[in-house]
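Colleague: Here are the chains, one letter per residue:
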Amino acid sequence: MFRFLRSRARFLSAPFFLTVLGLSCQQYEYFSPSPGILEIRFHSENSRASTILPFSNGSAFLMKLTSLQARQPGGITLPVFVDLTAVQRNKSGDFYNSMSVEARDSSIVLGRVYAPPGSYNGVDFAISPSGDLFGGIGVTVVRNGFQGFIPVFIPPQTEASQLLPKTGQPPFSIVVETDRKTVVTVTMNLDSSLVRRTEDFVYRPYFYVSSSRTF
Amino acid sequence: MKKTFISYSRILFSATLLVFSMVMWNCENPGGSQKPNSPPNTRISNVPPDDSIAQYIGRGAIPEFTINWLGDDEDGFVIAYHYRWTDQSRFGTSTKEYSTVLNISQIAGIPLLSPILVQGSPRSLSELYRFLVTLTFGDPADTSAIRFINDSLGTRRPFAVPYEKGPIPGDSIKGSDPIVNQSPTRGTFIFSSLADSNLHTFEVSAVDDYDSVDPTPAIVRFWTLPAPAPRAIITSGPPNNRFALRCITDTWPGLAVTFSSLDPSTFEQEYSWAVDDTTASNWSPWNSTPGAIITASDFRSPGESHTMHLRARNRWGVVSRDTTKPPFLSIVPPFTEPNFPGRILIINNSPKLLNASHPLVPDSNTVNAFYREIMDSLGLNGKYDLYTTPYSSGVWPDRRQIINYSTVVLLTEQRLDYLGFGASRFWVSNSKQLILREFLSVGGRLITVVSPNTYSNFFFGALAKTQFDVLASEIFHAAATVENNDSDFVGARGVLGYPDFVLDQNKIYPDSLGSQLPGIIRGISVNFPRGFGETISLFDSRTNKPGFENAPLGIRFLAPPPVAPGCQTYSVVYFGLPLFYCEKSVAIQAMRKAFQDLNEL
Chain C
1 MFRFLRSRAR FLSAPFFLTV LGLSCQQYEY FSPSPGILEI RFHSENSRAS TILPFSNGSA
61 FLMKLTSLQA RQPGGITLPV FVDLTAVQRN KSGDFYNSMS VEARDSSIVL GRVYAPPGSY
121 NGVDFAISPS GDLFGGIGVT VVRNGFQGFI PVFIPPQTEA SQLLPKTGQP PFSIVVETDR
181 KTVVTVTMNL DSSLVRRTED FVYRPYFYVS SSRTF
Chain B
1 MKKTFISYSR ILFSATLLVF SMVMWNCENP GGSQKPNSPP NTRISNVPPD DSIAQYIGRG
61 AIPEFTINWL GDDEDGFVIA YHYRWTDQSR FGTSTKEYST VLNISQIAGI PLLSPILVQG
121 SPRSLSELYR FLVTLTFGDP ADTSAIRFIN DSLGTRRPFA VPYEKGPIPG DSIKGSDPIV
181 NQSPTRGTFI FSSLADSNLH TFEVSAVDDY DSVDPTPAIV RFWTLPAPAP RAIITSGPPN
241 NRFALRCITD TWPGLAVTFS SLDPSTFEQE YSWAVDDTTA SNWSPWNSTP GAIITASDFR
301 SPGESHTMHL RARNRWGVVS RDTTKPPFLS IVPPFTEPNF PGRILIINNS PKLLNASHPL
361 VPDSNTVNAF YREIMDSLGL NGKYDLYTTP YSSGVWPDRR QIINYSTVVL LTEQRLDYLG
421 FGASRFWVSN SKQLILREFL SVGGRLITVV SPNTYSNFFF GALAKTQFDV LASEIFHAAA
481 TVENNDSDFV GARGVLGYPD FVLDQNKIYP DSLGSQLPGI IRGISVNFPR GFGETISLFD
541 SRTNKPGFEN APLGIRFLAP PPVAPGCQTY SVVYFGLPLF YCEKSVAIQA MRKAFQDLNE
601 L
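Listed in order, the protein sequences are those of chains C and B. Quick note: the first sequence uses the working numbering, first residue 1, plus one each step. Quick note: the second sequence uses the working numbering, first residue 1, plus one each step.
Hints are computed from structural coordinates only; laboratory data are not their basis. Hints may be right or wrong, so weigh each one.
[Unchecked claim] Partner residues aside, some chain C positions facing chain B, computed with beta carbon under 8 Å:
#, residue
1, Ile52
2, Arg143
3, Asn144
4, Phe146
5, Gly148
6, Phe149
7, Ile150
8, Arg197
9, Thr198
10, Glu199
Just so you know, even glycine gets a beta-carbon here, dropped at the ideal spot from N, CA and C.
Using the sequences provided together with the hints, build the complete structure.
Modeller: Below is the structure:
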């Protein structure tokens, strides 16, 4: 009898353990919300458009963007790439013309990303002026139909990294909602960023988040 | 046998009792109090022990001594030394603050780069000492502390001591200068020796592990003679006969002066300078930079003549005699004064005919009358002077005259680059350009009216175009000038508030000499602005010639707003054409706008 039971024990124990295991498991309701879309745009602000810095498609002050991230409270960052399908940024940087009509009209898209719903309170990016084909850094302006070039001096200690909001800037909250698009506009203030000297500009970058809207 | 054993036992017991009693009697005093801590003892172990003048002179009369000291503590050990000294001379007595150097030469087995000085007044030197000497490499926190301390000492930064419970406010250490403190018991110090004879008293006290300070510090007294003084030399500058502003601007770098010094024993000099006034408050702070940039705000005498004074100080604190150079002349532009009313100088540099006016080259009187009328109609009567280059020479107002004006109007009025018999023309030579450039560098303003074939009227010879391009680029802000040698210029379209430049048909009539068509000027250039240059007029081509029709002609370059009053940089309006051949009403409007741009109206 015992030998019978011992020989059957293996077969009997398996269903037993499976039954116990099955009873011990529970089904939980997991909630994983759909992401929203976070889009970051670029805007140029310029009170000298009617004088020395006219916006036009021939005017140019090229900026090279090498990284862009949104930051959540707690320091969690979300990389923002060029579009929704990209997996990384262009390693040599992405170039944007801060003197173009598109920059004036906030229609330059720096990046888009599927973002977990929630609140974001920072935008971090690295951006710096880029030289022209001849290596000179400056502003190309078109006035009376003719192009001119104004050199830009970049002080040696100027950092590309911009962590918004900067000290002294008001805090902001960017809200990303499920299945909705949040458009954040980062504004470059050209009045502050390009300080006039006698023969050139001095680059003192000043960026801030000017708006955040959910559509 | 038994007896013997008992007697041995007694002897052994007695001996043990005796030894125990002696030990107890010697080492413990149950009824008494703890023996008080004995203060440490300090002594100075080397020269200068009560030094004599002769010995001092024998060492080169250098007021710098290395002193060794030592301390011991009979019931503990020495953890630090306090030291200070007093200098006495006929100038008075001065006593240095105490310095405290810890008696530590390594931490966790790592030799220190320099001895540790304690800053301020720590609550307990012994606590500070124990914290530092018990640091080990085993504990990550200690390792971190050691690294920070060594970093701090290496860079001689103050460092708050991180006790386990956190830094204690006021407990701060720093690395000493290893040239001064070579070890906790050895230092080389400079003793102030400004008088003919100077008495110094050096004292040092040891501190023991109970924070007890030696009440009888070791003292040595010695004498020094005056230390050798350096000799200050003004090696170059300030430049003579220059304009000077009260501040450095983008275009005016200031007046540069360079210094050096001669000193028999040291190369470590500091300099202090003053202009005109040598009262104590006027000297600049001591600085080791062998040079300075001077502006008019440093001048202390009202005239144009100023004197530069320089002093050098060596590492022993001995100051040289005041060095001067012959006075230098420096002119502060009157237009930088806030209440300057504005003055305009018109230089008529047009070519000259000996006797009569010519359709291609108006005589000086005609041009002057034309501009007088313009200036008077603008309400500038009495605010301008007219200077006409004489027929016989190309003399211009010199820099001393020009600086009395805030704006210079430079005229070259002619219709064609042609001169008949008996005419003379004077180019804008290098020396004249230098005057103009210097005037502009301190914030002067310039309006330029030019003739056709401009470059050949500015310069002479084969390099005329090349030379003019440099001037045009740097001053007029034209990146490129292209001359139209066809009979093509019929006027210009005004931009930025400038009028359309309509030619005066009474002055533009055909003649056989220039193959001129009616109403046309030949040889006008288009000028493409650079940088902050702005187009003020566009070329009107009779034939709509590509590259010229509506191309930029006149340029204005306006200075940015000044950072400080009187620190404005220069502005230029370059018309690029001869205004004399425009309708007078146009010339008036154009000049009005130019003067408005230059803040003269």
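Colleague: Against each hint, give a clear statement of whether it holds in the structure.
Modeller: Quick rundown of the hints versus the structure:
1. Ile52: holds (6 Å)
2. Arg143: holds (6 Å)
3. Asn144: This hint holds: Asn144 of chain C lies near chain B, its Cβ roughly 5 Å from the closest one there, short of 8 Å.
4. Phe146: holds (6 Å)
5. Gly148: Holds - the Cβ of Gly148 of chain C comes within 8 Å of chain B, reaching about 6 Å at its closest.
6. Phe149: holds (7 Å)
7. Ile150: holds (5 Å)
8. Arg197: With Cβ-Cβ at 5 Å, under 8 Å, it holds.
9. Thr198: Given a least distance of 4 Å, the restraint on Thr198 of chain C holds.
10. Glu199: holds (6 Å)
In terms of the numbered hints stated before, the structure departs from none.
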